[in-house]
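J.: So you can see what is in the structure, the chains are spelled out below.
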Amino acid sequence: MDLFANAIVAGVLLGAFYAAVAVGLAITFGQLDIVNIAHPAFVIVGSYIAWIVNSRLGIDPVLVGVLASPLFFVAGALVYRVYYAAFERTGQESLSGLAFFFGVMFIIEVSLILVYGVDYRNVTASYIGESIELGYVGIPLRLLVPFLAASLMTGGVWLYLSRTFTGRAILAVAQDRLALQLMGADPVRIKQWAFGLAIGTTAIAGALLIIIGPVEPSVGRVYIGRAFAVVVLGGMGSIPGMIIAALLLGVVESFVSTFAGPSWAPAVAFGVLLLTLAVRPSGLFGRA
Amino acid sequence: MKFVKVCFALAVAAFAGLAAAADPIKIGFGMALTGPLGGNGKAALIAMEIWKDDVNKAGGLLGRKVEFVYYDDATQPKNVPSIYTKLLDVDKVDLVVSSYGTNVIAPAMAVVMRKKMAFPALFGLAVNDQFGYDRYFQIMPAGPEPKTDWSRGFFELAAAQNPKPKTVAIVAADSEFALNAAAGARKNAEAKGFKIVYDKTYPPPTTDFTPIVRAIQAENPDVVFVASYPPDSAGMVKAANEVGLKAKLFGGGMVGLQYATFQKNLGPMLENIVNYDFWVPAPTLNFPGVNEFLKKYQHEAEGKGVDPLGHYLPPYAYAYMQVLGQAVEATKSLDQGKLAEYMHSHTFKTVVGDVKFGKNGEWATSRMLMVQFRNIKPNDLEQFSKVGSRVVLYPPAFKSGDIVYPYKQ
Amino acid sequence: MFRSRADVVFWVVLVAVFLAGLGATYVVKNEYYFTALYGILQAMLMAVAWNILGGFTGYVNFGSAGFFALGAYTVVFLDKALGLPLPLLIVAAALVCGLLGLGVGYLSLRLKGVYFAIATLATAIVLETLITNWRYVGGGRGAYLVAPAEVPFLFSSYVDMLFVVMLALTLGAVAISRYLNASRLGRGLAAIRDDEGAAECAGVPTLRLKLISTTLMGALMGVAGAPYPFFVTFIDPASAFNLFVAVNAIAMPMIGGTAHWLGPVIGAILVGGTQEVVTVTVKAEYSVLVVGIMLVLFITLAPQGIVGLAQKYLRRRK
Numbered sequence: 170m171d172l173f174a175n176a177i178v179a180g181v182l183l184g185a186f187y188a189a190v191a192v193g194l195a196i197t198f199g200q201l202d203i204v205n206i207a208h209p210a211f212v213i214v215g216s217y218i219a220w221i222v223n224s225r226l227g228i229d230p231v232l233v234g235v236l237a238s239p240l241f242f243v244a245g246a247l248v249y250r251v252y253y254a255a256f257e258r259t260g261q262e263s264l265s266g267l268a269f270f271f272g273v274m275f276i277i278e279v280s281l282i283l284v285y286g287v288d289y290r291n292v293t294a295s296y297i298g299e300s301i302e303l304g305y306v307g308i309p310l311r312l313l314v315p316f317l318a319a320s321l322m323t324g325g326v327w328l329y330l331s332r333t334f335t336g337r338a339i340l341a342v343a344q345d346r347l348a349l350q351l352m353g354a355d356p357v358r359i360k361q362w363a364f365g366l367a368i369g370t371t372a373i374a375g376a377l378l379i380i381i382g383p384v385e386p387s388v389g390r391v392y393i394g395r396a397f398a399v400v401v402l403g404g405m406g407s408i409p410g411m412i413i414a415a416l417l418l419g420v421v422e423s424f425v426s427t428f429a430g431p432s433w434a435p436a437v438a439f440g441v442l443l444l445t446l447a448v449r450p451s452g453l454f455g456r457a
Numbered sequence: 108m109k110f111v112k113v114c115f116a117l118a119v120a121a122f123a124g125l126a127a128a129a130d131p132i133k134i135g136f137g138m139a140l141t142g143p144l145g146g147n148g149k150a151a152l153i154a155m156e157i158w159k160d161d162v163n164k165a166g167g168l169l170g171r172k173v174e175f176v177y178y179d180d181a182t183q184p185k186n187v188p189s190i191y192t193k194l195l196d197v198d199k200v201d202l203v204v205s206s207y208g209t210n211v212i213a214p215a216m217a218v219v220m221r222k223k224m225a226f227p228a229l230f231g232l233a234v235n236d237q238f239g240y241d242r243y244f245q246i247m248p249a250g251p252e253p254k255t256d257w258s259r260g261f262f263e264l265a266a267a268q269n270p271k272p273k274t275v276a277i278v279a280a281d282s283e284f285a286l287n288a289a290a291g292a293r294k295n296a297e298a299k300g301f302k303i304v305y306d307k308t309y310p311p312p313t314t315d316f317t318p319i320v321r322a323i324q325a326e327n328p329d330v331v332f333v334a335s336y337p338p339d340s341a342g343m344v345k346a347a348n349e350v351g352l353k354a355k356l357f358g359g360g361m362v363g364l365q366y367a368t369f370q371k372n373l374g375p376m377l378e379n380i381v382n383y384d385f386w387v388p389a390p391t392l393n394f395p396g397v398n399e400f401l402k403k404y405q406h407e408a409e410g411k412g413v414d415p416l417g418h419y420l421p422p423y424a425y426a427y428m429q430v431l432g433q434a435v436e437a438t439k440s441l442d443q444g445k446l447a448e449y450m451h452s453h454t455f456k457t458v459v460g461d462v463k464f465g466k467n468g469e470w471a472t473s474r475m476l477m478v479q480f481r482n483i484k485p486n487d488l489e490q491f492s493k494v495g496s497r498v499v500l501y502p503p504a505f506k507s508g509d510i511v512y513p514y515k516q
Numbered sequence: 004m005f006r007s008r009a010d011v012v013f014w015v016v017l018v019a020v021f022l023a024g025l026g027a028t029y030v031v032k033n034e035y036y037f038t039a040l041y042g043i044l045q046a047m048l049m050a051v052a053w054n055i056l057g058g059f060t061g062y063v064n065f066g067s068a069g070f071f072a073l074g075a076y077t078v079v080f081l082d083k084a085l086g087l088p089l090p091l092l093i094v095a096a097a098l099v100c101g102l103l104g105l106g107v108g109y110l111s112l113r114l115k116g117v118y119f120a121i122a123t124l125a126t127a128i129v130l131e132t133l134i135t136n137w138r139y140v141g142g143g144r145g146a147y148l149v150a151p152a153e154v155p156f157l158f159s160s161y162v163d164m165l166f167v168v169m170l171a172l173t174l175g176a177v178a179i180s181r182y183l184n185a186s187r188l189g190r191g192l193a194a195i196r197d198d199e200g201a202a203e204c205a206g207v208p209t210l211r212l213k214l215i216s217t218t219l220m221g222a223l224m225g226v227a228g229a230p231y232p233f234f235v236t237f238i239d240p241a242s243a244f245n246l247f248v249a250v251n252a253i254a255m256p257m258i259g260g261t262a263h264w265l266g267p268v269i270g271a272i273l274v275g276g277t278q279e280v281v282t283v284t285v286k287a288e289y290s291v292l293v294v295g296i297m298l299v300l301f302i303t304l305a306p307q308g309i310v311g312l313a314q315k316y317l318r319r320r321k
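Protein chains in written order, with my numbering: chain A, 170 to 457; chain B, 108 to 516; chain C, 4 to 321.
For reference, chain A alone in the conformation it holds in the complex:
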């Protein structure tokens, strides 16, 4: 029972982190249909920024992430501009866009390697290594702090998207571009804003990643599968769906790890994804 409860808790904590990584992708891919495969690479850049500032100035990594997100927002908007000019305007998306982002991903990864080398980087913070006990459930702060930060961030993004005008415009631009124009909003400006927001989240997600464990430039690759799986499983266009899918993935991984043996965890997680796609392609909560 003890093991069971701990497995669930560990899964939820990790799942919330997966949600933080995937929320930006849920916007760009889930809602705008832009296959930004370079998303995890941006997260790694976020991790490196957190490491640099944390090791030079000793500032808490989460704070660094929050402070860096406006810069990432601007970077995201710029990247979208290029993407729009090259692809969307000419109607060449999907495959070309995908290839473009593959290229961006490699350029980011190699640049990091050339500048910082391949050594693993860590951050130091007072709460890493500490743990709190609630009955027979132990919660490491190294996971709890990212959990709280991730929840705040994903919750905040969702509220923004569902309550504010710009946010709702983002949701709308995916569904009906013409209607949006008639409502007085410029779809291109909206998409740019959305992409910027998505990349802005990677600054924080990156900081959380490096709190949980050491980071080096190629670490982003294992998150490509996870992030896309979570967005697709949750249903394209649905942020709450994505959050639930992320938590589900975290819990499934945790259970398989604890009870069956960790080496089966990826098979089970992606097997679940395949099954869902086969049975209900629109995901758990997607617009069908």
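Hints are computed from structural coordinates only; laboratory data are not their basis.
Stretches of chain A that chain C covers, calculated by requiring three or more beta carbons in the stretch to come under 8 Å of a beta carbon on chain C:
{"id": "1", "stretch": "264 to 278"}
{"id": "2", "stretch": "397 to 405"}
{"id": "3", "stretch": "436 to 443"}
Just so you know, even glycine gets a beta-carbon here, dropped at the ideal spot from N, CA and C.
Position chains B and C against the provided structure of chain A, taking the given hints into account.
T.: Chains B and C in isolation, oriented as in the chain A frame:
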């Protein structure tokens, strides 16, 4: 007339000899300078270049300057065959050595064996088991049976405790070194009469180790043996601390705990962990030349994004070049067969002490150190370059202190 | 097969290239060129295979590494279990991966576009986990395949033989791809790519064509992976299921041009060649940068690939 001819011939030969003496000796290799093993590979290269500079300052090998020809294999096995065929067929190097890591050493074996080259290798676990090549020489001190020798010391220490522990948990990453080390651990555990209560593997990209450590704790093992790579080792140690792992002996085959950056980052969490190592600052390991070498290395390593202390791989990277260099000087030739024969039949004096190879190219006697982290202070890199932070417990010939047992109660 | 003059020219060139390659192994004693060319040919075969489904039919496969690795591991398994000769091993790899391709083809019934791509990625990851846990072929520990000491009749070294085998396989794949491109089958595939719904309405047997496409792609990728274990002598899941294999399989056709059978060939020569050169001259890490930069440049400036550029130029000349 004949006299003139002879003089002329001698003169030509002398000039030819002089001209040859001006030709540098080229040593070729691939090295993992990027990719997962890149950090260590870069550190190894720095050590090897220090050796090259030292040798050249002293007049070179056989009176000729030594040059390196190397390419980055990016830790990708598929790059290795073309690198070594280029080195041997196009660059026409005189000697070859290996890259770092089993999965980039193994693909070179086929090429090297075809060309019958002597092949000093840097840290690959039991590569020659598969090939049985008589010109392969491994500088990693695992011992004649690398897979079991790796963890032998760990289990001997466990068995020597009173009361003797009963149960063992084995956990390993799903890749070649860790699985081999775990297989050896299983053999050692059974040989010592321990009961294995947990024996699982995990996929390398695992992010969080708390569920694994909890599952291990649920079986209440006395001894926990871990075979892991740097990020997982760090993850395991952190998780063990957070879960509060209560074992009597913890550690074994965790790669990464020997690297400066992890030691500094994990700090006091390392307390009392017993893990493998190859060289630590200890009075019993003060081999001639090692401290001077480390000073040179530490100076060169500054600002290059590699391990700043260089205790793990660099001394051995320097040593394996020393072995090659000494063999060349002793046989006064570059003939691969003669070099191989010499390397099999002699003991070498290097910065890591006396090196003697067995028939299969591995060390004739194992020198896997089991060290215990003690009195570790937080956020202090300097302490790891001083005596006392890592106490050598095994083998008895190099022991520098007694074990603190149990790990945590 | 010899419907037009272009066909005759093509086959003559094909046979000439093969004979040149074969002849080179006798004349050039330097093994390096053959090891480098092997890598480029392998990439070309993967690119040609990918393009059958991706470029001709319009379904993007993210999981190319899965097919490649399955081919390689089929060979490892059969070599260990039965010690079959290389040609049989290659056929076996083609069969097994063709079957996987067939399965993936059925997936395309339910999933379109990016969903299909994600499903192929998930398939590759599941496969990787299964193989990592399969002790008989070495699992995570990896497997060693020592090349036999004696080399079959014609060749002077094992690497030469592997090179010629790969040359033959790749040329065969290019021929198949060219045939598909121009045939009625190929037009059906193009119809599916342009508008599947409309194609269905027009009577194109979309399911059958898609299945042919995925099976063929699968089989060819498996064939690309089959000689790999002998080439590297040490194989483990991490290197076989490499992301790079998958990306190259997509990048090369995209840079060369996806609509034409020549596209992946040109893309492979350009990108693969540059990568090999960079690996042995500068730093291997830069070879990753090469792919990245080439992708970005070509995709933004020449979305139809090099073939597309050439076609535009030729059209303008007329």
